[in-house]
Amino acid sequence: MGPLIPNGVIPIEWDNIIAILIGIVFGFVLEASGFSSSRKLAGVFYGYDFAVLKVFFTAAVVSLIGVYYMDYLGYLDITQLYVHPLYLWGAIIGGIIMGVGFVAGGFCPGTSLCAVAIGKIDAIIYVGGIMAGIFIFSELYPLFQPIYEGYFYGNVTLEDSLGINPYWFVFIFSMIAIVAFVISDMVRKKTKKIFY
Amino acid sequence: MVKKKIAKVLAFRYKILAAILILLAGGLVLLPKYQKHEGIKPDELVSNAISPERYMTTDRLAHIIINQDPSFILIDVRDEKSFASYTLPNAINIPLEKLFDEGSDSYLNQNQFDVVLFSNDNFHADQAWILCNRLGYKHMRVLKGGINQWFTTIINPLKPDENMPAAAHELYATRKAASMFFGVVYPEQVKVEAPKIVKEEPKKVITVEKKKKAAAEGGC
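The listed protein sequences correspond, in order, to chains A and B. The numbering of the first sequence is this note's numbering, which starts it at 1 and goes up by one. The numbering of the second sequence is this note's numbering, which starts it at 1 and goes up by one.
Since the hints were derived computationally from the structure, they do not count as laboratory data. Just to be clear, a hint being listed does not mean it is correct.
Sample of chain A residues at the chain B side, in silico, Cβ under 10 angstroms [said to hold, decoys possible]:
1) ASP15
2) ALA59
3) LEU64
4) TYR72
5) TRP168
6) PHE173
7) MET175
8) ILE183
9) VAL187
DEER-style ranges, computed between Cβ atoms [as the list claims (entries may be wrong)]:
10) A:ALA51 <-> B:ILE20: 14 to 22 angstroms
11) A:GLY99 <-> B:ILE50: 57 to 65 angstroms
12) A:HIS84 <-> B:PHE123: 39 to 47 angstroms
13) A:MET70 <-> B:VAL46: 19 to 27 angstroms
14) A:MET70 <-> B:GLU53: 52 to 60 angstroms
15) B:VAL46 <-> A:ILE5: 42 to 50 angstroms
16) B:ARG54 <-> A:PHE152: 37 to 45 angstroms
17) A:ILE20 <-> B:ARG54: 52 to 60 angstroms
Since this is a predicted model, take the numbers as computed values, not measurements. Idealized CB from N, CA, C, for every residue including glycine.
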């Protein structure tokens, strides 16, 4: 039956409308859970608030388990799902740059837009920085192109590259998540409480 | 009292959630595995198999070839030897045993063209059709009766006698015209008419009278 759009259950013309609706809901949830505060987001790095880690890790694990159960029961064909292509060095370098930006600015790109929506000045400057970065990247694109388009490994998943049974992978991944939550809680208890 | 009990339970809420997570993830590992059905579903395959779209008549195919319809690919699933001796115009040879070789995939598994499979009759073409449909390839058709039917209907159509309905005669006329397109020569075509000798008319000579030069007159 699923995925709904590729199998024609929902006409493909609804693509953008659904995307906008999901975007609105996502932004609302981010803001409602306090993710438009750079202090809360930066808390992961300083050890006083692990909400970001917990929320995104939980989301990943829950959706992973849900997708595999739906695949098992035949509601969803997992082979039809989109797998993001892997450009190895592009991903590594981009990840480092984004991580540095995350620590320095206290936002990730999605939450920064969320914070702009509620009028945070630091977020506005942050988004200005993103735009400047995009501009520089576009202008120097010929220079970056070999990294951007090179080291292509296809649309691989961790299960493919590790050659591991996907169900065991899901189980191990959930274990890692729980361990990460426990450790993050221990770290939080040890660090000085900060009110923000 | 009740509140206290709830508070007691809620104190363990993260542990309970973690336990649920472990249960669900562990359930995935422990669930009995089954062989997944690949390709299209059986009921879809059956509905494709009984669909009138599956077969294409030789008359329709002749019409398509004559009109040079670009949206069709003809695929000959017979072996190379038969392909070399006779085939339909612009057909591609993909023998049945080489159906899933690397090169043939781009012809079969695509969305742009209608693929017409044919063999001597429709037996091997039908086999190829089933295999391709099972994999979910789209727009597959089979030439009804294959090359044999093609030969008896288009190349060498049976002439109807006087007692047959007008439609049969019309069909014969169409098929005959089609066969002429594919290079069949009929006796009545071969009759050579006596060449007319066209007499050339003698050329008329038109004489142009030249103006006489005027005698020079005095200037200024």
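Inset, instruction - Starting from the hint list further up, note which numbers the structure goes against and sort them upward. - result: Violated hints (numbers, rising): 1, 2, 8, 9, 14, 15 and 17; every other hint is consistent with the structure.
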